[in-house]
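Participant: Those protein sequence lines, which keep their order, are chains A and B.
Taking the working numbering, I'd label the letters of the first sequence as residues 1 to 359.
Taking the working numbering, I'd label the letters of the second sequence as residues 1 to 359.
If you are wondering where the hints come from, they were derived from the structure by calculation, not from laboratory data.
Wrong hints could be hidden among the right ones.
Note that identical chains are pooled: a pair holds if it fits in a single copy or bridges any two copies.
Stated by the list, open to error - Cross-link-like lysine-lysine pairs, in silico, DSS-like; alpha carbons within 27 Å at most:
#	residue 1	residue 2
1	K296	K343
2	K253	K58
3	K338	K328
4	K168	K233
5	K328	K69
6	K233	K303
7	K300	K338
8	K343	K233
9	K69	K58
10	K345	K303
Here are the chains, one letter per residue:
Protein chains: 2
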Amino acid sequence: MKRRHFIKAAASTGLITSTSLTSATALAKSTATIKWKMVTTWPKNFPGLGTGANNLAKLITQMSGGRLKVKVYGAKELVPAFEVFDAVSRGTAQMGHGAAYYWKGKTAAAQFFAAVPFGLTAQEMNGWLYHGGGLKLWHETYEPFGIIPAAAGNTGVQMAGWFNKEIKSIEDLKGLKMRIPGLGGEVLKRAGGTPVNLPGGEIFSSLKTGAIDATEWVGPYNDMAFGLHKAAKFYYYPGWHEPGTTLEALINKQALEELPADLQSIVINACKVVNLDMISEYTTRNQQALDTLVNKHKVKLLKLPDEVLDRLQSLSDEVLNEVAATDKMTKKVFESFKSYRDKVKLWSDISELAYLTSR
Amino acid sequence: MKRRHFIKAAASTGLITSTSLTSATALAKSTATIKWKMVTTWPKNFPGLGTGANNLAKLITQMSGGRLKVKVYGAKELVPAFEVFDAVSRGTAQMGHGAAYYWKGKTAAAQFFAAVPFGLTAQEMNGWLYHGGGLKLWHETYEPFGIIPAAAGNTGVQMAGWFNKEIKSIEDLKGLKMRIPGLGGEVLKRAGGTPVNLPGGEIFSSLKTGAIDATEWVGPYNDMAFGLHKAAKFYYYPGWHEPGTTLEALINKQALEELPADLQSIVINACKVVNLDMISEYTTRNQQALDTLVNKHKVKLLKLPDEVLDRLQSLSDEVLNEVAATDKMTKKVFESFKSYRDKVKLWSDISELAYLTSR
Numbered sequence: 001m002k003r004r005h006f007i008k009a010a011a012s013t014g015l016i017t018s019t020s021l022t023s024a025t026a027l028a029k030s031t032a033t034i035k036w037k038m039v040t041t042w043p044k045n046f047p048g049l050g051t052g053a054n055n056l057a058k059l060i061t062q063m064s065g066g067r068l069k070v071k072v073y074g075a076k077e078l079v080p081a082f083e084v085f086d087a088v089s090r091g092t093a094q095m096g097h098g099a100a101y102y103w104k105g106k107t108a109a110a111q112f113f114a115a116v117p118f119g120l121t122a123q124e125m126n127g128w129l130y131h132g133g134g135l136k137l138w139h140e141t142y143e144p145f146g147i148i149p150a151a152a153g154n155t156g157v158q159m160a161g162w163f164n165k166e167i168k169s170i171e172d173l174k175g176l177k178m179r180i181p182g183l184g185g186e187v188l189k190r191a192g193g194t195p196v197n198l199p200g201g202e203i204f205s206s207l208k209t210g211a212i213d214a215t216e217w218v219g220p221y222n223d224m225a226f227g228l229h230k231a232a233k234f235y236y237y238p239g240w241h242e243p244g245t246t247l248e249a250l251i252n253k254q255a256l257e258e259l260p261a262d263l264q265s266i267v268i269n270a271c272k273v274v275n276l277d278m279i280s281e282y283t284t285r286n287q288q289a290l291d292t293l294v295n296k297h298k299v300k301l302l303k304l305p306d307e308v309l310d311r312l313q314s315l316s317d318e319v320l321n322e323v324a325a326t327d328k329m330t331k332k333v334f335e336s337f338k339s340y341r342d343k344v345k346l347w348s349d350i351s352e353l354a355y356l357t358s359r
Numbered sequence: 001m002k003r004r005h006f007i008k009a010a011a012s013t014g015l016i017t018s019t020s021l022t023s024a025t026a027l028a029k030s031t032a033t034i035k036w037k038m039v040t041t042w043p044k045n046f047p048g049l050g051t052g053a054n055n056l057a058k059l060i061t062q063m064s065g066g067r068l069k070v071k072v073y074g075a076k077e078l079v080p081a082f083e084v085f086d087a088v089s090r091g092t093a094q095m096g097h098g099a100a101y102y103w104k105g106k107t108a109a110a111q112f113f114a115a116v117p118f119g120l121t122a123q124e125m126n127g128w129l130y131h132g133g134g135l136k137l138w139h140e141t142y143e144p145f146g147i148i149p150a151a152a153g154n155t156g157v158q159m160a161g162w163f164n165k166e167i168k169s170i171e172d173l174k175g176l177k178m179r180i181p182g183l184g185g186e187v188l189k190r191a192g193g194t195p196v197n198l199p200g201g202e203i204f205s206s207l208k209t210g211a212i213d214a215t216e217w218v219g220p221y222n223d224m225a226f227g228l229h230k231a232a233k234f235y236y237y238p239g240w241h242e243p244g245t246t247l248e249a250l251i252n253k254q255a256l257e258e259l260p261a262d263l264q265s266i267v268i269n270a271c272k273v274v275n276l277d278m279i280s281e282y283t284t285r286n287q288q289a290l291d292t293l294v295n296k297h298k299v300k301l302l303k304l305p306d307e308v309l310d311r312l313q314s315l316s317d318e319v320l321n322e323v324a325a326t327d328k329m330t331k332k333v334f335e336s337f338k339s340y341r342d343k344v345k346l347w348s349d350i351s352e353l354a355y356l357t358s359r
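Only chain A is shown next, with the shape it has when bound in the complex:
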């Protein structure tokens, strides 16, 4: 907050006494209520993602003792889902909540901060962002738009999806009509499939009527809520295309910088709290939903054959290399991401992977 704002705010409280102006402005900081809007790409209260945005707003309001009140708007309430980035950029809303791959039209580099085929798991992604230089590059990527990004949630490894056709070899992907957006869709196309982009609300009926052969969505918790088990024969794993999808908070840079230092810290750290809380919630709810899907609904779980996964990984490398060539910033982000992924693999192989195998 600029000095003249302090004085104005202090005056408006009617509490200026004989104490120095410094004390008075310090008080003003703590008594003036600031109101922020948070626009989101999710339907209001959407389980996991939308409720994560709600938690973020609640935490900021709570930790600031109500000095900074954040009100959440679902998609279309203030702006449509895909205008969240612009709304935060121009200051229509001070905050947004979504996923960075939605903004690939603004900058191709954004995709590396959300979900990358054969990329990083949630734990590795947070390692890269907070201690491997990733967050710094994300800031740099959004700098031209006047936006400060923060990781604010993670779904963990997603499922490969729901299929009405068994996948026994790479040949079975040929002609497959599957709802799969983004980089994963591009990879499927190169494997001979037909990626289709459908909003969440149309997935069930398209799958049920045979308009599509397969769909990915998130994981057991969100998929079961959509009833996808009633529209498909097989539930495939693992989700090679989104191994640790990161959700993001977008913060208008000027609005953030005008806050006193303590509120700035509260906003940034509340994002970290939600980042941890969401993956913890997904870990628990996915496990519970999976139990219901398998034991109650008798869903058939199948693993994609190694041959198919290997081929999808080669195609993913091709796609990522092409995306990286878009511009200088995207190349810089890709190289940092790739270097981290290649190096963390040895560690993850002898820690998480070796342990989970032994248990």
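Given chain A, put chain B in place with the hints provided.
Facilitator: Then chain B, alone, in the frame of chain A:
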């Protein structure tokens, strides 16, 4: 904070004007500086663990705009490492940072909140704590001591350790003198080994001189700093005994409850931020140190044979069942932990494990 404290604090600021007492006390909340001490079980600034405690104190001070200042004391500076629990319980310090297994003498249940052989990974542990009922049980466990616990850091999967003897079968554990504390030590004993408890500072020389045959410590980052690669022939994985060691913050209940609601929220949420930050730091630093150990120091990485891991897991089940029988509270915690572990396994197997295997 109790009402009479508000009034006293408000009066001491000399800022009470003609506004209502409610406003004045609200101001007092934000202007009075509260000073807290945080005692820790770590040497001051110990990489990862001690620096995590430092970060926690810094975050609370920063998010509170200096209204709550937390000063960190290393082990022995104010109280010895193993008196941290008592110091927080009686209010000598308002906060502590350590690991719950240190307090098994107070309550056997505490061990389930730190590290359990063949237990939960960091991600699963956070799932259990925040969304699976674990944290509620942890509160209940520490309630008689007037302490509020919080997860405040995680090392991730630890390494099985440094060995001067190759482990080819369960027979090779017979007579093995190994520095391994806690539940892991008890399991080793049942496999015929001799668990030894040594403070960190004596490990290197004991291993070098042959006083012990093997030792576990943490992982590549901390182990390399201790120079353990200069004292042993083999570096074994995975760390079956500590698959996701949780660090804890201890908070004196009365001190917490006397804070205004916003500062209470800041203290609790700062612990979550550090919980996420520490595992992110370990993921990155372990990966970097492992690269140096393998490529520069030519350390020989070996996997414990499946037969050995299977046997250690059966013995672990025996040990955990015996610990659970200690008292009612421990049994209650064990049953919640075990139920979560058994159910999360299916989900982790088709998500993290299947994905890491495919990559």
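Participant: Could you check the structure against the hints above and give me the numbers of any it violates, in ascending order?
Facilitator: Checked against the structure, the only hint that fails is number 5, while the rest are satisfied.
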